[in-house]
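Construct the complete structure from the given sequences, taking the supplied hints into account.
Going line by line, the protein sequences match chains A and B. Under the numbering used here, the letters of the first sequence match residues 464 to 859, in that order. Under the numbering used here, the letters of the second sequence match residues 464 to 859, in that order.
Please note that a few of the clues may not be correct.
As the list claims (entries may be wrong) - Below 30 Å or equal to it, Euclidean Cα-Cα: the simulated DSS-like pairs (lysine-lysine) are:
#1 A:K754 - B:K641
#2 A:K787 - A:K490
#3 A:K519 - A:K641
#4 B:K490 - A:K582
#5 A:K490 - B:K754
#6 A:K710 - A:K503
#7 A:K641 - A:K672
#8 B:K787 - B:K483
#9 B:K503 - B:K710
#10 A:K483 - A:K812
#11 B:K519 - B:K710
#12 B:K754 - B:K812
#13 A:K582 - A:K519
#14 A:K780 - A:K710
#15 B:K780 - A:K780
#16 B:K503 - B:K780
#17 A:K754 - B:K672
#18 A:K503 - A:K787
#19 A:K641 - B:K754
#20 B:K519 - B:K641
#21 A:K672 - B:K754
What the hints assert, rightly or not - So, partial list: chain A residues that the calculated Cβ filter (under 7 Å) puts toward chain B:
#22 Y549
#23 E600
#24 C801
#25 I806
#26 H810
#27 S838
#28 P847
To be verified - Here are the simulated distance ranges between beta carbons:
#29 A:E531 - B:R556: 31 to 37 Å
#30 B:L790 - A:S697: 49 to 55 Å
#31 B:E480 - A:I775: 54 to 60 Å
#32 B:I492 - A:I492: 51 to 57 Å
#33 B:I492 - A:E707: 48 to 54 Å
#34 B:K710 - A:P701: 32 to 38 Å
#35 B:L820 - A:Q851: 44 to 50 Å
#36 A:E684 - B:T818: 36 to 42 Å
#37 B:S581 - A:E577: 52 to 58 Å
#38 B:R585 - A:E614: 54 to 60 Å
#39 B:L820 - A:Q717: 42 to 48 Å
#40 A:E707 - B:R556: 54 to 60 Å
What the hints contain is simulated information worked out from the structure, not anything from laboratory work. Even for Gly, the Cβ is constructed at its ideal location relative to N, Cα and C.
Next come the chains, spelled out residue by residue.
2 protein chains.
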Amino acid sequence: MYREAYHFPLERYISNENFKIFREYVKDIPTPILLIDVEKIRYKYRELARSLPMAKIYYAVKANPRDEVVTMLAEEGSNFDIASRYELDQMLRHNISPDRLSYGNTIKKRSDIEYFYSKGVRMFATDSENDLINIAELAPGSRIMFRILTEGTGADWPLSRKFGSHSDVIYYLILQAKELGLVPWGVSFHVGSQQRDIGQWDDAIARCKYLFDAASEEGIELRMINLGGGFPASYVDPTYDVDEYAKEILRFIQEDFGENIPDLIIEPGRSLVADAGVIVSEIINISRKSKNNLYLWVYLDVGKFGGMIETIDESIKFPICFDKDGLSEEIILAGPTCDSMDILYEHYKYHMPETCLPGERVYIFTTGAYTQSYSSVNFNGFPPLRVQILPPEIHI
Amino acid sequence: MYREAYHFPLERYISNENFKIFREYVKDIPTPILLIDVEKIRYKYRELARSLPMAKIYYAVKANPRDEVVTMLAEEGSNFDIASRYELDQMLRHNISPDRLSYGNTIKKRSDIEYFYSKGVRMFATDSENDLINIAELAPGSRIMFRILTEGTGADWPLSRKFGSHSDVIYYLILQAKELGLVPWGVSFHVGSQQRDIGQWDDAIARCKYLFDAASEEGIELRMINLGGGFPASYVDPTYDVDEYAKEILRFIQEDFGENIPDLIIEPGRSLVADAGVIVSEIINISRKSKNNLYLWVYLDVGKFGGMIETIDESIKFPICFDKDGLSEEIILAGPTCDSMDILYEHYKYHMPETCLPGERVYIFTTGAYTQSYSSVNFNGFPPLRVQILPPEIHI
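Rendered as structure tokens:
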């Protein structure tokens with residue numbers, strides 16, 4: 464028996480057979496390393512496309528910007544949501560045409576707008592007057608998506624008020640966009656990443672409807688809703704599956720828009736790539752800090768600054784499997800750096816079999832999104848998390 | 464009048480004259496960028512060496528691992544506290560001899576211990592039995608520093624319970640080290656980074672004394688205390704100056720140890736380098752998110768994942784100066800990425816002159832420590848924070 468560990472079944476994340484093969488495949492690869500199963504991402508993409516056939520998919524590149532992921536999705540016909548000029552350069556390097564790109568970042572310099580426009584991008588998101596005026600000047604005639612503020616309640620990686628503005632401001636921007644010679648194109652929102660409360664979409668869609676109607680009264684016909692991301696991956700806490708999300712979201716849209724359903728786009732990131740990654744790590748040390756401590760401290764060779772930054776505030780709870788079986792005890796998990804903040808989980812208690820020893824391996828599932836690209840460039844001298852793409856015959 | 468901004472005087476951080484020269488020097492350098500004044504670090508090093516002449520200084524390389532900083536401090540006679548084999552490689556590349564190094568990270572693999580020993584390092588820190596046994600096997604005869612747990616109360620970047628063990632465990636480890644053929648050498652602690660309560664050292668030194676006495680009764684004469692770091696830099700909240708720290712810490716030691724003062728080492732990081740760095744950033748956008756919002760949102764081109772990770776929980780409050788004068792209002796400060804967590808300060812309100820505009824520059828002081836090396840490798844496609852060393856005639 465080569466596995467088992469936490470108080471959840473490993474089978475939720477990988478079949479016994481596949482895990483056996485995977486474990487054998489990685490056994491001589493030095494840790495820490497992130498393994499990516501590109502074929503699983505392809506499967507997830509197709510599944511989502513089937514569930515929401517009326518929505519165009521714009522993959523949120525920031526979730527996992529590996530070239531192998533981007534080129535495979537380009538092959539599959541995906542469009543791309545990009546966050547910076549650097550991501551634009553990457554897309555152009557792969558000959559992805561600018562009409563398949565959406566520049567979703569509302570925070571952009573004048574020079575960024577100029578750069579995007581010069582490369583052929585004609586759709587921009589905005590949420591403020593300053594930005595709108597810049598777009599009108601530097602990307603004349605472009606289509607504008609207006610980002611409304613949502614609160615992100617119910618999301619594991621909550622959305623703050625950083626993006627979007629209230630409907631009152633947005634309404635004014637829609638009118639102003641037209642005056643400035645831009646094309647008011649639609650409304651976008653984001654309900655928060657790893658959003659487990661489907662009802663959040665209902666609220667946001669209702670606000671879109673309000674803005675569509677209000678704009679229409681001024682002779683402006685909006686035609687698109689960007690439903691954002693938020694579709695969940697399989698972390699520790701349970702979620703509905705993508706079909707359930709799709710069905711409910713469609714119902715919300717039909718309730719508000721009836722037969723006149725606008726063009727829909729979605730920007731999945733996490734939900735496509737997270738499940739396709741496993742970080743293989745090693746237990747560096749196990750220690751009991753006082754004679755009568757309740758908990759063991761377990762130190763791994765990957766931590767908050769080596770790719771697991773989403774453990775900030777213990778927001779994202781990754782499924783972690785140890786390489787032993789048997790009775791388990793509660794532990795505190797920490798990373799390898801000399802930084803006191805480099806703790807993964809202290810309040811939420813993971814379980815580890817009592818027989819585990821330093822030097823043994825640990826498998827951290829659902830780590831394909833928002834891990835490698837966040838790694839520190841050389842904190843404590845450690846290099847960023849390495850990544851390896853699995854051969855097509857190895858599945859996770 | 465080309466500056467002023469926050470509700471603290473800029474003169475606390477830089478003279479008017481120096482700021483004028485600095486501002487002129489950087490005006491054509493694209494943002495974001497971190498400028499480092501190596502001569503200021505030299506000055507800080509000498510100041511500390513003067514204040515605590517009985518303590519050997521081990522610079523904590525992780526605070527700012529730039530080669531220019533390391534080589535200057537090596538010239539000055541500093542020793543080095545290193546956190547990983549990668550930092551060891553860097554020291555050896557600069558011909559810093561292994562007897563000037565302390566491997567302060569208690570979290571190390573067997574292969575790390577072997578590697579350090581093979582390169583000539585003979586002093587190791589530990590806080591657990593597993594680690595001690597590894598050191599005995601792979602670095603026989605080495606000197607051992609035992610790390611005790613402190614709670615870090617009063618520190619702006621608090622120390623968790625991640626490092627060190629309680630005295631009861633440490634006492635047992637001291638005896639065991641001798642049995643294993645190692646040389647119990649001393650006790651180390653760390654009161655927490657940016658520790659503004661000097662009294663914290665008193666407590667920790669008293670625990671050292673207890674362990675020195677207890678070991679002595681078993682015929683083991685400990686001879687060194689590693690006082691760690693924790694000496695503060697000049698952020699927004701006021702602190703005592705280094706002389707005050709030195710005087711008090713010496714008094715605590717004399718109270719406990721009388722005439723028999725042990726060898727002392729200190730591991731300053733932040734206090735040597737933080738004040739020597741300024742990040743120059745640009746305001747990307749300023750927006751009001753609803754008609755009756757109290758606060759403006761101000762977006763900079765540097766954020767949490769581009770070098771300012773110490774704004775997590777708003778722990779470290781960097782002095783931020785805008786390039787305008789006049790009446791100011793309260794703002795929320797955020798970074799440039801599409802990540803909702805990339806907010807610098809939302810609860811602690813900074814002030815910005817009302818006349819500030821997007822495209823103008825912002826100067827973030829006291830950013831020489833724990834910034835660049837923490838930057839994400841390519842989150843949202845953004846490259847890590849760039850660094851430039853100032854010529855010796857430019858002072859900050």
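Hint-by-hint comparison with the structure:
A distance of roughly 20 Å separates the Cα atoms of K754 (chain A) and K641 (chain B); the hinted pair therefore holds under the 30 Å criterion. As the CA atoms of K787 (chain A) and K490 (chain A) are separated by approximately 15 Å, the hinted pair is consistent with the 30 Å bound. The straight-line distance between the Cα atoms of K519 (chain A) and K641 (chain A) is roughly 25 Å, inside the 30 Å bound, and the hint therefore holds. Of the supplied pair hints, the one linking K490 (chain B) and K582 (chain A) holds, its CA atoms being roughly 28 Å apart against a limit of 30 Å.
About 58 Å separates the Cα atoms of K490 (chain A) and K754 (chain B), which puts this hinted pair outside 30 Å; it is violated. Under the criterion of a C-alpha separation no larger than 30 Å, the hint pairing K710 (chain A) with K503 (chain A) is consistent with the structure, at around 23 Å. Restraint check for K641 (chain A) and K672 (chain A): satisfied, since their Cα atoms lie roughly 19 Å apart, inside the 30 Å limit. For the suggested pair K787 (chain B) and K483 (chain B), the alpha carbons sit about 13 Å apart, so the restraint of at most 30 Å is met.
Between K503 (chain B) and K710 (chain B) the alpha-carbon distance is near 23 Å, which keeps this suggested pair within the 30 Å criterion. Between K483 (chain A) and K812 (chain A) the alpha-carbon distance is near 26 Å, which keeps this suggested pair within the 30 Å criterion. Only pairs whose Cα atoms come within 30 Å are accepted, and K519 (chain B) paired with K710 (chain B) is accepted, the gap being roughly 16 Å. Distance check on the hinted pair: K754 (chain B) and K812 (chain B) sit about 20 Å apart at the alpha-carbon level, within 30 Å; holds.
At most 30 Å may separate the alpha-carbon atoms for a hinted pair to count; K582 (chain A) and K519 (chain A) meet this at roughly 22 Å. Annotation: proposed proximity of K780 (chain A) to K710 (chain A) holds, straight-line Cα distance about 26 Å (limit 30 Å). At roughly 29 Å between alpha-carbon atoms, K780 (chain B) and K780 (chain A) fall within 30 Å of each other, so this suggested pair holds. A threshold of 30 Å between alpha carbons decides the hint, and for K503 (chain B) with K780 (chain B) the separation of about 21 Å falls inside it, so the pair holds.
The hinted pair formed by K754 (chain A) and K672 (chain B) meets the criterion: a straight-line CA distance of about 20 Å does not exceed 30 Å. Between K503 (chain A) and K787 (chain A) the CA atoms are separated by roughly 26 Å; this keeps the pair inside 30 Å, and the hint holds. Note on K641 (chain A) and K754 (chain B): the hinted pairing holds, with a Cα-Cα distance of about 20 Å set against a maximum of 30 Å. Distance check on the hinted pair: K519 (chain B) and K641 (chain B) sit about 25 Å apart at the alpha-carbon level, within 30 Å; holds.
Pair hint K672 (chain A) plus K754 (chain B) holds up; C-alpha atoms about 20 Å apart against a cutoff of 30 Å. Hint on Y549 (chain A) holds. Least Cβ distance to chain B is approximately 3 Å, under the 7 Å limit. The beta carbon of E600 (chain A) is not positioned within 7 Å of any beta carbon in chain B (closest approach about 13 Å), and the interface hint is therefore violated. Below 7 Å, beta-carbon pairs count as interface contacts, and C801 (chain A) has one with chain B at about 4 Å; its hint therefore holds.
Of the supplied interface hints, the one on I806 (chain A) holds, with its beta-carbon coming within about 6 Å of a beta-carbon of chain B, less than 7 Å. Contact between H810 (chain A) and chain B, as hinted, is not supported at the beta carbon level, the nearest pair being about 12 Å apart and thus beyond 7 Å. At a threshold of 7 Å, the smallest CB-CB gap from S838 (chain A) to chain B is about 5 Å, leaving the interface hint in force. A cut of 7 Å between beta carbons decides the hint on P847 (chain A): the least distance to chain B is about 4 Å, and the hint holds.
The hinted window of 31 to 37 Å between E531 (chain A) and R556 (chain B) holds, with their beta carbons roughly 33 Å apart. Distance hint check: the CB atoms of L790 (chain B) and S697 (chain A) are about 52 Å apart, consistent with the given range 49 to 55 Å. Range check, E480 (chain B) to I775 (chain A): Cβ separation about 41 Å, and the 54 to 60 Å hint is violated. Distance hint check for I492 (chain B) and I492 (chain A): the Cβ-Cβ separation is about 41 Å, which falls outside the suggested range of 51 to 57 Å.
Taking 48 to 54 Å as the suggested C-beta distance range, the pair I492 (chain B) and E707 (chain A) conforms, at roughly 52 Å. Against the hinted window of 32 to 38 Å, the Cβ-Cβ separation of K710 (chain B) and P701 (chain A) comes to about 58 Å, which falls outside the hint. Taken as a hint, the range 44 to 50 Å holds for the pair L820 (chain B) and Q851 (chain A), whose Cβ atoms sit roughly 47 Å apart. The given range of 36 to 42 Å is respected by E684 (chain A) and T818 (chain B), whose C-beta atoms sit roughly 39 Å from each other.
A beta carbon spacing of about 54 Å between S581 (chain B) and E577 (chain A) agrees with the range 52 to 58 Å that was offered as a hint. For the hinted restraint 54 to 60 Å between R585 (chain B) and E614 (chain A), the CB-CB distance of approximately 57 Å keeps it satisfied. Range check, L820 (chain B) to Q717 (chain A): about 45 Å between beta-carbon atoms, so the 42 to 48 Å window is met. Between E707 (chain A) and R556 (chain B), the C-beta spacing of about 56 Å keeps the proposed range 54 to 60 Å intact.
Hint compliance for this structure: hints 5, 23, 26, 31, 32, 34 are not met, and every other hint is.
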